Amino acid sequence: MQYHTPATFGDAVAIASGAEGVTRFLAGGTDVLVQLRSDLVEPDNLIDIKRVPGASDITKNPDGSWTLGVAATGAEMSEHAELGRDWPGLVEAMDLIGSTQVQGRATLTGNLCNGSPAADSVPAMFAAGVTVSVTGPDGMRQVPVEQIPAGPGKTNLAKGELISAVHVPARRAGGGDAYLRFIPRTEMDIAVVGCGVNLALNGDTITEARVALGAVAPTVVMVPDAAAAIVGTTLDDAALAKLSEAAAAACNPIDDKRGTIAFRTHVAGVLARRVARIAYDRAKG
Amino acid sequence: MSKIHVTTTINGDEVEFLCDPRETMLDVLRDRLGLTGAKEGCGTGDCGACSVTVDDRLVCSCLMLGAEAEGKEIATVEGIATEEKLHPLQKRFIEYAALQCGVCTPGILVAAKNLLERNPDPTETEVRYWLAGNLCRCTGYDKIIRAVMDTAAEMREAS
Numbered sequence: 000m001q002y003h004t005p006a007t008f009g010d011a012v013a014i015a016s017g018a019e020g021v022t023r024f025l026a027g028g029t030d031v032l033v034q035l036r037s038d039l040v041e042p043d044n045l046i047d048i049k050r051v052p053g054a055s056d057i058t059k060n061p062d063g064s065w066t067l068g069v070a071a072t073g074a075e076m077s078e079h080a081e082l083g084r085d086w087p088g089l090v091e092a093m094d095l096i097g098s099t100q101v102q103g104r105a106t107l108t109g110n111l112c113n114g115s116p117a118a119d120s121v122p123a124m125f126a127a128g129v130t131v132s133v134t135g136p137d138g139m140r141q142v143p144v145e146q147i148p149a150g151p152g153k154t155n156l157a158k159g160e161l162i163s164a165v166h167v168p169a170r171r172a173g174g175g176d177a178y179l180r181f182i183p184r185t186e187m188d189i190a191v192v193g194c195g196v197n198l199a200l201n202g203d204t205i206t207e208a209r210v211a212l213g214a215v216a217p218t219v220v221m222v223p224d225a226a227a228a229i230v231g232t233t234l235d236d237a238a239l240a241k242l243s244e245a246a247a248a249a250c251n252p253i254d255d256k257r258g259t260i261a262f263r264t265h266v267a268g269v270l271a272r273r274v275a276r277i278a279y280d281r282a283k284g
Numbered sequence: 000m001s002k003i004h005v006t007t008t009i010n011g012d013e014v015e016f017l018c019d020p021r022e023t024m025l026d027v028l029r030d031r032l033g034l035t036g037a038k039e040g041c042g043t044g045d046c047g048a049c050s051v052t053v054d055d056r057l058v059c060s061c062l063m064l065g066a067e068a069e070g071k072e073i074a075t076v077e078g079i080a081t082e083e084k085l086h087p088l089q090k091r092f093i094e095y096a097a098l099q100c101g102v103c104t105p106g107i108l109v110a111a112k113n114l115l116e117r118n119p120d121p122t123e124t125e126v127r128y129w130l131a132g133n134l135c136r137c138t139g140y141d142k143i144i145r146a147v148m149d150t151a152a153e154m155r156e157a158s
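First to last, the sequence lines map onto chains R and Z.
Heads up, the first sequence is in numbering that gives the first Met the number 0, so the first residue is 0 and it goes up one at a time.
Heads up, the second sequence is in numbering that gives the first Met the number 0, so the first residue is 0 and it goes up one at a time.
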């Protein structure tokens with residue numbers, strides 16, 4: 000295995016494009032190193048992108064949007080008070096991943112590119128309308144985060160492509176987001192179901208909504224029917240019931256040791272209601 | 000396979016080493032530098048026995064490559080005591096018998112010290128969450144938590 004420390008994303012792309020065999024990018028390494036050490040994936044080339052200037056920065060742009068470096072850690076996100084005020088759901092989703100030690104290294108981009116359908120930060124990113132910069136041999140393009148996951152452990156990134164920045168939209172007045180997951184214990188477990196919701200209100204009425212579910216399908220999924228169920232409402236009981244139904248209907252889960260199909264489908268509906276309520280209360284301020 | 004030359008700082012001392020690109024920081028500490036305080040429990044970032052700080056950030060040294068240490072400041076359990084004097088955390092851990100086999104103890108000391116530097120007055124809940132990534136299979140945690148809480152109180156009084 001060759002270890003590379005490019006100084007620019009362009010150099011990283013050049014190394015990855017010309018590489019034979021298995022290539023992995025290294026930021027926090029909380030998945031990559033576990034796979035390496037357990038002999039699941041032995042990269043021929045490991046490209047550490049943390050020495051690219053700005054890779055760990057968390058920046059609020061003049062228009063209120065945020066740019067997060069691909070190596071910014073969960074701990075750095077949680078310690079950033081203003082980011083937490085704008086996007087509490089995104090920050091709490093990232094913060095649920097692993098221990099204090101894992102938070103010291105783990106990144107949003109790594110969680111996304113690991114491709115787990117149960118990745119906690121990914122439904123929150125879907126709900127928030129996050130986009131990512133994809134840098135590759137043909138230059139850079141900005142892609143909605145929903146277009147990255149392709150299936151368990153797989154992304155739609157082509158050979159030589161990497162994610163070079165994470166863009167979180169501006170938080171407008173009257174908006175709020177939230178994320179919850181179900182796990183059978185209280186800390187450090189993998190989601191049986193995860194749900195992210197982001198809302199915008201006009202007065203008491205929901206004008207926009209984005210709902211995403213994790214661990215109920217081969218990838219994290221957007222659930223537009225669940226969003227449609229609550230837009231135009233004040234999140235009354237009838238709207239919540241419709242939201243639950245739509246969330247459950249979007250589920251295509253597997254039976255495994257963490258949960259059955261029936262359980263996951265039921266919990267998706269319950270979580271969607273609870274998360275929407277939290278996001279609504281946050282949007283009300 | 001050619002080795003990577005790394006210059007880093009460990010417990011305040013400048014250190015140079017050569018390592019294989021696959022070697023973790025934990026491998027380097029234990030097998031190349033003779034710093035065997037950090038332990039390998041799981042090797043997958045679950046148990047916290049290998050905890051160290053890198054630029055004051057708590058991490059699992061088993062989930063970091065030795066090559067990533069270039070230019071960083073690393074602190075291990077070996078740097079906690081000064082000369083002959085134990086750190087207040089170490090004294091409390093002995094006094095309360097907050098350890099049995101001791102494999103988790105170096106990681107817990109590093110993690111607890113890092114917490115108290117960030118938050119000198121943590122609640123019990125904050126201590127329990129902070130240390131949730133440090134598994135102990137002997138003590139049942141209660142003595143560990145009490146030792147950390149009482150050390151925090153002692154250090155606040157002393158400062």
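Calculated from the structure, these hints are not laboratory results.
Quick caveat: nothing in here was measured; it's all calculated off a predicted structure.
Warning: the hint list may mix true and false statements.
What the hints assert, rightly or not - Using 27 Å as the maximum straight-line C-alpha spacing, the simulated BS3-like pairs for lysine-lysine come out as follows:
#1 R/K283 to R/K241
#2 Z/K84 to R/K49
#3 R/K49 to R/K153
#4 R/K49 to Z/K90
#5 R/K59 to R/K49
#6 Z/K71 to Z/K2
Unchecked claim - So the derived label-pair ranges between C-beta atoms look like this:
#7 Z/D149 to R/D224: 52 to 58 Å
#8 R/E244 to Z/D149: 30 to 36 Å
#9 R/E78 to Z/G139: 49 to 55 Å
All C-beta atoms, glycine included, are put in the ideal place defined by N, C-alpha and C.
Hints and how they fare:
For a cut-off of 27 Å, the pair hint linking R/K283 to R/K241 stands: about 21 Å separates their Cα positions. With a C-alpha separation of about 37 Å, the suggested pair Z/K84 and R/K49 falls outside the 27 Å cut-off, and the hint is violated. Under the criterion of a C-alpha separation no larger than 27 Å, the hint pairing R/K49 with R/K153 is consistent with the structure, at around 22 Å. Between the alpha carbons of R/K49 and Z/K90 the distance comes to roughly 38 Å, so the proposed pair goes past 27 Å and is violated.
About 20 Å separates the Cα atoms of R/K59 and R/K49, which keeps this hinted pair within 27 Å; it holds. For the hint pairing Z/K71 with Z/K2, the CA-to-CA distance comes to about 19 Å; that is within 27 Å, so the pair holds. Between Z/D149 and R/D224 the C-beta distance comes to about 54 Å, which sits within the given range of 52 to 58 Å. At roughly 52 Å, the beta-carbon separation of R/E244 and Z/D149 lies outside the given 30 to 36 Å, and the hint is violated.
For R/E78 paired with Z/G139, a C-beta distance near 31 Å fails the hint of 49 to 55 Å.
Checked against the numbered hints above, the structure violates hints 2, 4, 8 and 9; every other hint is satisfied.
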